[in-house]
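J.: Letter by letter, the chains look like this.
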Amino acid sequence: MVLQTLLPGRLAAQLVLLGGFGLLAGAVLPVAAQTPTNTLRSQQLPAVRVAGLRPTRFAVGSRQLVLDSVALNNYRSGTVADALGARTAIYLKNYGPGQLSSIALRGTSARHTAVLWNGFNINLPSLGEADFALLPVNGTTQVEVQPGPAGATYGNGAVGGTLRLSAAANSPADWGRGWHGTAQGDYGSFGLGAGLAKAGFSNEKVALRTSFNYRRADNDFPFYIGEGRSRVQQRQKNAAFRQASFTQDATLRLGQRGELSAAVWLTDAGRQIQPGIGTNNTNAQERDQSRRLMASYRRVSTRREWTVRTAWFEDVINYRDDLSGLSESTVRTSQAQAEHTWRLAPNASVRLGGEAQHFAAQVDGYGAAPRTENRYSGFLLLRYDPRPRLQLSLNLRQAVLPGQPPPLTPTAGAEWLALAAGRHALSLKGNASRSYRAPTLNERYWRPGGNPNLLPEESFGYEAGLAYTYKTTVLTLQNELTAYRQLVDNWVQWTPGDSYWSPRNLRQVRAQGLEASSTLGWQPGAYRLTARGSYAFTSTEKTQGAAADADPVGRQLPFVPRHTVALSTDHGWRGWQLGTTLTYTGYRYTDASATDFLPGYLLLNASVGRTLAVAPAWQLLVLAQGFNLTNNTYQNYQNRALPGRNASLSLRLLWR
Amino acid sequence: MKPFIAFTSLTGRLLLGSAAALTLLACDPDNDPNPGAAPVVTNSVFVINEGNFGRSNADISLFSKASNSVINRSLFASATNATLGDVAQSMAVRDSLGYIVVNNSNKLEVVSLAKFRSKATIKDLMLPRYFVAASSDKGYVTETVSYTAANGRVSVIDLKANRVVKTIEVGSQPERLAVVGSRLYVTNSGGNTVTVINTNTDVVEGTITVGDGPNSVVADRDGAVWVLSGGQVAYNPDFSIDYSRTTKGSLARIVPGQLMATTREVPSNLSAPGRLTINGSLDQLYYTYLGGVYTLGINEATLPTTPLIKRGSFYGLGVDPQDGTIYGGLASFTAADKVIRFRNTGAAIDSFTVLAGPNGFVFY
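Going line by line, the protein sequences match chains X and G.
Position in the first sequence counted from 1, then plus 997, gives you my numbering.
Position in the second sequence counted from 1, then plus 34, gives you my numbering.
Worth flagging that the hints you see were computed from the coordinates, not collected in a lab.
Just to be clear, a hint being listed does not mean it is correct.
[Stated by the list, open to error] Think about it this way: if two alpha-carbon atoms lie no more than 30 Å apart in a straight line, the pair counts; the simulated DSS-like pairs of lysine-lysine are: (1) G:344 <-> X:1234; (2) X:1234 <-> G:372; (3) X:1202 <-> X:1090; (4) G:157 <-> X:1234; (5) G:372 <-> X:1090.
Only a predicted model underlies this, so the values are computations on that prediction, with no experimental measurement involved.
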């Protein structure tokens, strides 16, 4: 949430929702923007074509948070961290503006969220997690979050939840658009500058999209520290960053049944590593580069569907500081997936598939020799709707990892449309799942300390929820309430040994909580309002541990807030727009004994903008945004400074 | 003038070696030639909590011997309304002042012991480790300089002006140090030497070869200097420890005024001994080894083979100079960590909770 305060993504953020959808010349169906938590979205492809089955078809009974391309258009020069922070009550641990931003879904650690791009896991194989500040939104058409375990459906690491990014043309609106383009420039506090350019073309045969974005900031913001009875101002040092990304997507329809797609996603970020308050500035800097290529072929008929996908990733992390010198890390991942789906009947489908991954790591911390590792898994997914209002899914996955394999991981889910009367609809849903997480390359190979005998983490979790929708011609109200519980076993923790730290399977952790969300859309006339509120209660604690685990049981894990709230309003009237977001992040303990904590904080942001038609098919948006308007001094992570009140201005030009 | 002892102990994080340092100060050899005989009274125990690297959450906990309880878990923060800094490596006392070496903040924080108010901050050190005062006017700090530096250094501090007046290059990764008479002994843990510096001229007088990895140093009642070395760990290509090439730790005794030592090796190279500490009468040595605490008298002919305390691996070790009570700090770095107290017989007394990473104790 904090990160966004500097990000141009916010600029784009409220633009579209507020300003009106006409801005997005030729863009996606505007209605979709009103349904960010829509779980029952139906896809309507041209009648002659048969749609492929989306993975969520086999994820019955799970909560789904969807940020579709319309919603994401607001964050196009920002990062996934910005979008999630503004639209959800998900907690992201953040080390400073533009710095490491890691997710904690449902009380688990960042390694317990699987991040998939076009179906491939893009968590850094060395760390086993993704830095959400390094995932620009610009190249992505849709972000979907499925909280909760779903190892059978999504594979390794889908313990706390799964985040899916898709880039390829996957909605009917992506086809037949002709040419379109966008350009944007941002200017803001503390040396923030950003620009993006995006162009695309599609007819009914081919869809192409190219995008490029760049942003930078000096981040030399002032902050305050206590000293005696007074507050002393300091200026943040060594926190500048620059970040660029390029994406190219192409999808080609081969006849009525075949579809070939390919995607390239390049990201390159150079960051100074912001030192903690009171910590020696060693001029640390990090270069993060990821090169991701993928291609897939899908063939769909009325009764069968098969897909093959292959991908190659290269993830580079080069770190340097004055004290330790340079530490380099390059991991290349080659992988392939194949799956076959049988549509046994309109209400029953079966998908059988497998995946293979090969990791080749050249990491200074692992020694001079390259390390390689292979992982495999096979899965069987079933979907059956015994009655029109009742949906069931049952999934199984067995992974094969180096060392001891994880157990068979099944997932079962059910969803029942209990009430559908006029304007009211009420659904009940629930699911249960086993999941697993393979030890990361660092956990296995880091020298010293790497532990090749680590067992995979295992979890068992379940959830139940209800979703209520009320809809009239001018008003839509969606409410959702979910309760969950999960036990994670063999939880890995790095602990100090005689002479170095080492990861061990130390403990069992229980995470449980409640998630509530409400979205109101109201459009009585020219005025349009979208209001959202979401709240998450998260209780996560160690329940038992090995003898070597000194941490007490029954205490909230550090850096997981018990309470998070996100409220936002977006107002649009003719060419004007006004937006507000208010987030509350509750206290977070900083130690496993749950004694010291960082206080909770409120963050208020607001934006105002105007849309101008400058020529036929050309529109210009001018947007001013203010962040941390109450000028709070607060910390997200311990002793990492964050800026006070700040602002930005952006101009956006849209063509068609 | 009150003799005092500062016990601290080191971090294992950077494998720089470790041990307990005794700094014997305030014992002007001219008018107090036999400091070991002076009675020592201590009322308080300052526990140095190293904190988590990069999080600036180091602080000092104050334990009262009168009430057998922690009076203030975060003494510096509550007294000054500021954070102490990142990685409190050690603390030593001179007169009524405490000198806290804050490693990853590159500073030496000077506090009044009465109210723990900040009196001065000596900045721009380079990865400082340990401090010792030679007099009320002069102190010394060891500095790693950088993890890749061939040699570390010792900075000479003017304790009246609270500023660095000179730096002296010593060996690799200097750790604990001790002043005996007019000589400063500096353990160079990255090698196998002790640098001897004349405290009148601040010039290196010479180096003494000891066992691999000297990490801690104390002086006994006879003025002999004891240096504990951890040994040098050799690694296989897969980074497991190669015990066929790993050298054993050792205990060296340096005769005052001589630049040579007699060295005895510990029995096994499976563990690196560290945190050498001495009792109040300056005749009994203590150190951590093989997951326990070992002890021997200064006149014993052989090193002990059985531990006095067999209780996990202590990250910090201290011995109360008044009554010989042994303090062991357990460090998880995740939870609020514990200190266990033992009688000098090795029998456990009680435990109390401090902050993350208790690495040393100062008795005052």
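J.: Assess, step by step, whether the Cα of residue 344 (chain G) is no farther than 30 Å from the Cα of residue 1234 (chain X), and give holds or violated.
T.: Given pair residue 344 (chain G), residue 1234 (chain X) is violated - Cα atoms ~47 Å apart, limit 30 Å.
J.: Hint check: residue 1234 (chain X) vs residue 372 (chain G), CA-CA at most 30 Å. Holds or violated?
T.: Roughly 35 Å separates the two Cα atoms, so the pair is violated.
J.: Within 30 Å, alpha carbon to alpha carbon, are residue 157 (chain G) and residue 1234 (chain X)?
T.: The given pair, whose Cα atoms are some 17 Å apart, holds under the 30 Å limit.
J.: Is the Cα-Cα distance between residue 372 (chain G) and residue 1090 (chain X) 30 Å or less?
T.: Given pair residue 372 (chain G), residue 1090 (chain X) holds - Cα atoms ~28 Å apart, limit 30 Å.
J.: Is the straight-line distance between the alpha-carbon of residue 1202 (chain X) and that of residue 1090 (chain X) 30 Å or less?
T.: 43 Å, violated
Checked against the numbered hints given earlier, this structure breaks hints 1, 2 and 3; the rest are met.
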